[in-house]
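S.K.: Please put together the full structure from these sequences, using the hints given.
Protein chains: 2
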Amino acid sequence: MSDGELYYRKHVFCCTNERPAGHPRGCCKAKGAEKLRNYMKARAKELGLADVRINASGCLDRCELGPTMVIYPEGVWYSYASTADVDEILQRHLIEGGRVERLMLTPEQKELRPEQRPAAAAE
Amino acid sequence: MSDGELYYRKHVFCCTNERPAGHPRGCCKAKGAEKLRNYMKARAKELGLADVRINASGCLDRCELGPTMVIYPEGVWYSYASTADVDEILQRHLIEGGRVERLMLTPEQKELRPEQRPAAAAE
Numbered sequence: 001m002s003d004g005e006l007y008y009r010k011h012v013f014c015c016t017n018e019r020p021a022g023h024p025r026g027c028c029k030a031k032g033a034e035k036l037r038n039y040m041k042a043r044a045k046e047l048g049l050a051d052v053r054i055n056a057s058g059c060l061d062r063c064e065l066g067p068t069m070v071i072y073p074e075g076v077w078y079s080y081a082s083t084a085d086v087d088e089i090l091q092r093h094l095i096e097g098g099r100v101e102r103l104m105l106t107p108e109q110k111e112l113r114p115e116q117r118p119a120a121a122a123e
Numbered sequence: 001m002s003d004g005e006l007y008y009r010k011h012v013f014c015c016t017n018e019r020p021a022g023h024p025r026g027c028c029k030a031k032g033a034e035k036l037r038n039y040m041k042a043r044a045k046e047l048g049l050a051d052v053r054i055n056a057s058g059c060l061d062r063c064e065l066g067p068t069m070v071i072y073p074e075g076v077w078y079s080y081a082s083t084a085d086v087d088e089i090l091q092r093h094l095i096e097g098g099r100v101e102r103l104m105l106t107p108e109q110k111e112l113r114p115e116q117r118p119a120a121a122a123e
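Chains E and C, in that order, are what the protein sequence lines are. Every letter in the first sequence is one number past the one before it in the working numbering, and letter 120, counting from 1, is 120. Every letter in the second sequence is one number past the one before it in the working numbering, and letter 106, counting from 1, is 106.
A few of these clues could be false.
The list treats identical chains as one, so a pair stands whether inside a single copy or across any two.
[Said to hold, decoys possible] Cross-link-like lysine-lysine pairs, in silico, BS3-like; alpha carbons within 27 Å at most:
| id | residue 1 | residue 2 |
| --- | --- | --- |
| 1 | 45 | 110 |
| 2 | 29 | 45 |
| 3 | 35 | 110 |
| 4 | 41 | 29 |
| 5 | 10 | 29 |
For the record, the hints were derived by calculation from the structure and aren't laboratory data. Given the structure is predicted, the values throughout are model-derived calculations rather than measurements.
M.R.: And the structure:
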């Protein structure tokens, strides 16, 4: 049996893990992940992206970079902080097949780059 | 920026979604998904699979085939019903790079094949 075709053309996993308040690593949920994932799921539906699934997931273990999501099969990671970030990922990555380079996480990345910090996005 | 290397060599998502009792589609949690996912995570650690992550996820929307998991980047889906099934997936797929064909789900599959039903496994 070959692996066959993908069941979802793009499968998005948004970490919505919650840690106890004051945990040194923080958590995606405390940074708004659940609300943003719900927004992304609803927008994907409104946009008619039927072959895309926007899942919530448990801890993706990159808490310091959160909220984080990973998109498969390509394995591209993003940090996102606002509905505007989500809109950009939906349009550029999921619809157009491009990348939102500003928000992408590299494998070796341990902290957010200046342009990825929520404060920068709010300016 | 290229997509770069994968952050996890293999990223497993086990649906642990719970629906209200009596829901016509059923749910993975009622079929033991949470316990099996916890077992898989613990066994992966014991086996020293450091570049593999065993995540819980929200509803993967293949409830009738559950408990389900999907392994990326290859996008291979499995139905699994026991710790023996989990052990087989760990060994054959995650360690050896093969496939457990008996448990694999095809994209068009809507119900379990006879050999995938928990009763068959218990015989």
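S.K.: Hints first: check each against the structure and report whether it holds.
M.R.: A quick look at each hint next to the structure:
1. Taking the shortest alpha-carbon separations for residue 45 and residue 110, only the inter-copy value of 22 Å comes in at or below 27 Å, while the best intra-copy value is 33 Å.
2. For the identical chains of this complex, residue 29 and residue 45 are neighbours both inside a copy (22 Å) and across copies (25 Å), given an alpha-carbon limit of 27 Å.
3. In the homo-oligomer, the alpha carbons of residue 35 and residue 110 lie at most 27 Å apart inside one protomer (24 Å), although the nearest pairing across protomers, at 31 Å, exceeds that limit.
4. Taking the closest pair of Cα atoms, residue 41 and residue 29 come within 27 Å of each other both inside a single copy (16 Å) and across two copies (22 Å).
5. In this homomeric assembly, residue 10 and residue 29 come within 27 Å of each other (Cα to Cα) both inside a single copy, at 23 Å, and across copies, at 24 Å.
When the structure is compared with the earlier hints, no violation turns up for any of them.
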